[in-house]
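**Student:** Single-letter residue listing:
There are 2 protein chains.
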Amino acid sequence: MVALEKVKSLKLISLNKALNLIRESLKGYRPKVESVPIAESLNRISARDLRAKKNVPSYPIAALDGIAVRSSDLTYATPTNPIRLSLAKQEPLREGEALPISTGMKIPKGADAVVRYEHFRAKKDFFEITSPIDFGKNVVKIGEEVKVKDLILKRGKRIKPEDVALLMELGIKKLEVYAKPNLAIIPVGDELYEGFKERGMEAINYSYIILKKAESLGAKISLWEVSPDDEKFLKERIREACEKSDLVFTLAGCSIGENDIVPRVLHSLKGEIFFHGLNYNPSKPAGYSMVMGKPLLMLPGHVVSMVSSFYLLAKPLLKILMGWKEEDRVFFALCKSSLKVKKGMGNLILVKLEREKENYFAIPMGWGTNAIKNLVNADGFVMLDKDEAFEEGKRVEVHPL
Amino acid sequence: MVALEKVKSLKLISLNKALNLIRESLKGYRPKVESVPIAESLNRISARDLRAKKNVPSYPIAALDGIAVRSSDLTYATPTNPIRLSLAKQEPLREGEALPISTGMKIPKGADAVVRYEHFRAKKDFFEITSPIDFGKNVVKIGEEVKVKDLILKRGKRIKPEDVALLMELGIKKLEVYAKPNLAIIPVGDELYEGFKERGMEAINYSYIILKKAESLGAKISLWEVSPDDEKFLKERIREACEKSDLVFTLAGCSIGENDIVPRVLHSLKGEIFFHGLNYNPSKPAGYSMVMGKPLLMLPGHVVSMVSSFYLLAKPLLKILMGWKEEDRVFFALCKSSLKVKKGMGNLILVKLEREKENYFAIPMGWGTNAIKNLVNADGFVMLDKDEAFEEGKRVEVHPL
Chain D
0 MVALEKVKSL
10 KLISLNKALN
20 LIRESLKGYR
30 PKVESVPIAE
40 SLNRISARDL
50 RAKKNVPSYP
60 IAALDGIAVR
70 SSDLTYATPT
80 NPIRLSLAKQ
90 EPLREGEALP
100 ISTGMKIPKG
110 ADAVVRYEHF
120 RAKKDFFEIT
130 SPIDFGKNVV
140 KIGEEVKVKD
150 LILKRGKRIK
160 PEDVALLMEL
170 GIKKLEVYAK
180 PNLAIIPVGD
190 ELYEGFKERG
200 MEAINYSYII
210 LKKAESLGAK
220 ISLWEVSPDD
230 EKFLKERIRE
240 ACEKSDLVFT
250 LAGCSIGEND
260 IVPRVLHSLK
270 GEIFFHGLNY
280 NPSKPAGYSM
290 VMGKPLLMLP
300 GHVVSMVSSF
310 YLLAKPLLKI
320 LMGWKEEDRV
330 FFALCKSSLK
340 VKKGMGNLIL
350 VKLEREKENY
360 FAIPMGWGTN
370 AIKNLVNADG
380 FVMLDKDEAF
390 EEGKRVEVHP
400 L
Chain V
0 MVALEKVKSL
10 KLISLNKALN
20 LIRESLKGYR
30 PKVESVPIAE
40 SLNRISARDL
50 RAKKNVPSYP
60 IAALDGIAVR
70 SSDLTYATPT
80 NPIRLSLAKQ
90 EPLREGEALP
100 ISTGMKIPKG
110 ADAVVRYEHF
120 RAKKDFFEIT
130 SPIDFGKNVV
140 KIGEEVKVKD
150 LILKRGKRIK
160 PEDVALLMEL
170 GIKKLEVYAK
180 PNLAIIPVGD
190 ELYEGFKERG
200 MEAINYSYII
210 LKKAESLGAK
220 ISLWEVSPDD
230 EKFLKERIRE
240 ACEKSDLVFT
250 LAGCSIGEND
260 IVPRVLHSLK
270 GEIFFHGLNY
280 NPSKPAGYSM
290 VMGKPLLMLP
300 GHVVSMVSSF
310 YLLAKPLLKI
320 LMGWKEEDRV
330 FFALCKSSLK
340 VKKGMGNLIL
350 VKLEREKENY
360 FAIPMGWGTN
370 AIKNLVNADG
380 FVMLDKDEAF
390 EEGKRVEVHP
400 L
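Chains as they are written, first to last, in numbering that gives the first Met the number 0: chain D, 0 to 400; chain V, 0 to 400.
Mixed in with the good hints, there may be bad ones.
If several chains are the same, the list does not tell them apart, and a pair holds so long as it fits within one copy or across any two.
[As the list claims (entries may be wrong)] 16 Å max Cα-Cα, derived EDC-like pairs, lysine to aspartate or glutamate:
{"no.": "1", "residue 1": "172", "residue 2": "33"}
{"no.": "2", "residue 1": "318", "residue 2": "23"}
{"no.": "3", "residue 1": "314", "residue 2": "189"}
{"no.": "4", "residue 1": "140", "residue 2": "386"}
{"no.": "5", "residue 1": "122", "residue 2": "257"}
{"no.": "6", "residue 1": "156", "residue 2": "378"}
{"no.": "7", "residue 1": "219", "residue 2": "390"}
{"no.": "8", "residue 1": "173", "residue 2": "390"}
{"no.": "9", "residue 1": "356", "residue 2": "326"}
{"no.": "10", "residue 1": "10", "residue 2": "325"}
{"no.": "11", "residue 1": "26", "residue 2": "189"}
{"no.": "12", "residue 1": "351", "residue 2": "326"}
{"no.": "13", "residue 1": "105", "residue 2": "190"}
{"no.": "14", "residue 1": "356", "residue 2": "124"}
{"no.": "15", "residue 1": "108", "residue 2": "390"}
{"no.": "16", "residue 1": "351", "residue 2": "327"}
{"no.": "17", "residue 1": "356", "residue 2": "396"}
{"no.": "18", "residue 1": "172", "residue 2": "39"}
By construction, these hints were calculated from the structure, which means they are not laboratory data.
Full structure from sequences and hints, please.
**Tutor:** Rendered as structure tokens:
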């Protein structure tokens, strides 16, 4: 029989409050730091503010292709008084000499400027130049790209290929990055349990979405065996997962039905429940707890609720554990049509982005059914505050899925 | 001595024309198709329009948690005349019976609607309901998500985790995707050659950027040994690369200097040069050729030119070879300040995106020096048509880097 008091226990709080509770629960948390070879640092999160220990370039180089010259030789060059420079045989360049040079090559001794190809004529035995050139023109000076002590990588930044290239340029061999958090994912439910035994991953395909999204953010995932609706079994699973992992996501089993055993199991593990119930549609049954010192997020079982809760709660939580401090990017768009939203609570609306000339339009997906189909068709989602409308022509932020 | 006629051979064409030449050279090209297990299809490009062969759901399921009921039992339910339903012991539900049900579960035989938890009271021996419910309410009908013959995956689409989940839901085991193009990358230049022998990848760090960007788009990369400025050597390398790969990028060696041997080598291999020279700053020396039936892109050696040319030419070329038909996403932004751009040609401007309330601002990076540093700091780039201005307050498209 359904225990009515369970229904009443879902106390809805605002998304802001929920995120603050997550942040507070991890106040002072610092992810572990590890040192990796530079070639393995791509997409990791920098654990240090890094300053350059050498100049780039470390010697003057040519900014473009042309000939390296002594600018003083060309002071009086004009179309009616062209100056002829001969090909230097060796360094340093002597008066009246020049040397062909490619972009990025070291400026030969004696030279101080580079005349670009378009600005001289190459004759049989000499170069002919018809205009003067400034001292230092087309030369990249020592330290002009990066000076010793320049900040070249900020703590909390995700490392791009361009960063790796600069670090290599600076001769850096190893880099301190934050360790990837170990995330245990535990799907819950008798049907999933039966399905998984019969058909494997296919039966827990919604877990696959969460797994891949968390992985692409940079977590190290272990997908745990599905737990049936058996409190003792799940308790052991969660205990083990908390021991072995940095954080845990349970998938499903956190709503208000008889079979929603996750909250009861957390109680029995003496987990502190920071919240259970979000005043944000469709993530109402989501919850957050600290169990055995590890953060545990309860994600609802309905696929749109699950994915919504991933973006609303799991991604910010993961970013804290990863030490990733960069802001998410959004697309600004105009609502293509109006949509009735749930009153009295925040709403996450799945949308398709459609470009028309110089604007994106956000086409809302609607609610209820067509859950997985809507997720497949959506490009992103719009977050609406409590009682905020989704109205045709309104400018909204679209978070990419 | 510098061969002046080489300088004159760089005939600049517009970016549009260049892209059209690339497209025409590959007219009728169809990437190979391969069949992969569904779990390996993530991020691959679908090679077929795929239609559903079964309904989702294949039986009616509960859209939310509650109790499954026969709606006809509740026709006369009011607050003053509550209807009591007893817990069904077995299927099909008989008159006056109900059964607790979770989201996604099969609707028991006899039942036709689901009353949500908030809309009934669970007493010791019965459920009490005070309002009628429509036939079919809170039930996801057969085929309501996906109907047999619905288009569920479009040819040319990159497969997301949500797509994989839907395909699993439909019981699809294998999927036809386009084969990843084999891309050979050949860095060219004496200094790179010497540097690579001494310091390895660190000396060809700009190649690393191209390698990782092409890889993340979905190409299979082989990074070839650096070629010195030796035409015979490079000719053999390119010949072999064309034999073994689907396309080739040469990095550097395509400008107008004495050491820019790539165009000469392509001539000697009887490669058809579709263009060499782009009227687009800073990608002027880029070029495109078809050699031994394989597309070959010449990317300039200067790091900003190289990365610019990657986005202007290499990415569209790769997308053709991958069969990837989706449009790139851009961020709309307002120019934070004005920037003088090169006259008489198109311009690619690196920018940093900065959010201020409800807008992104594009902060231009400027030209010339600070090449790699600018790339590290940039979030994207703006493409300006010939003689188009970069003016404070102007609305521009920012392509992410």
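**Student:** Now, for every hint given, state plainly whether the structure supports it.
**Tutor:** Here is how each hint holds up against the structure:
1. 172 - 33: within (14 Å within a copy, 39 Å between copies)
2. 318 - 23: The answer is within: 14 Å in one copy meets 16 Å, while 45 Å across copies does not.
3. 314 - 189: Close neither inside one copy (27 Å) nor across copies (47 Å); limit 16 Å.
4. 140 - 386: This pair counts as neither: shortest intra-copy Cα distance 58 Å, inter-copy 30 Å.
5. 122 - 257: between (91 Å within a copy, 14 Å between copies)
6. 156 - 378: Only across copies: residue 156 and residue 378 sit 13 Å apart there, 25 Å inside one copy, limit 16 Å.
7. 219 - 390: neither (40 Å within a copy, 45 Å between copies)
8. 173 - 390: So residue 173 and residue 390 fail the 16 Å test inside a copy (51 Å) and across (42 Å) alike.
9. 356 - 326: between (27 Å within a copy, 13 Å between copies)
10. 10 - 325: Neither way: residue 10 and residue 325 sit 32 Å apart in one copy and 43 Å across, limit 16 Å.
11. 26 - 189: neither (36 Å within a copy, 54 Å between copies)
12. 351 - 326: between (22 Å within a copy, 13 Å between copies)
13. 105 - 190: between (69 Å within a copy, 10 Å between copies)
14. 356 - 124: neither (56 Å within a copy, 63 Å between copies)
15. 108 - 390: Neither: 68 Å inside a copy, 41 Å across copies.
16. 351 - 327: Between. Shortest inter-copy distance 14 Å satisfies the 16 Å Cα cut-off; intra-copy 19 Å does not.
17. 356 - 396: between (18 Å within a copy, 11 Å between copies)
18. 172 - 39: So residue 172 and residue 39 pass the 16 Å test inside one copy only (10 Å; across, 33 Å).
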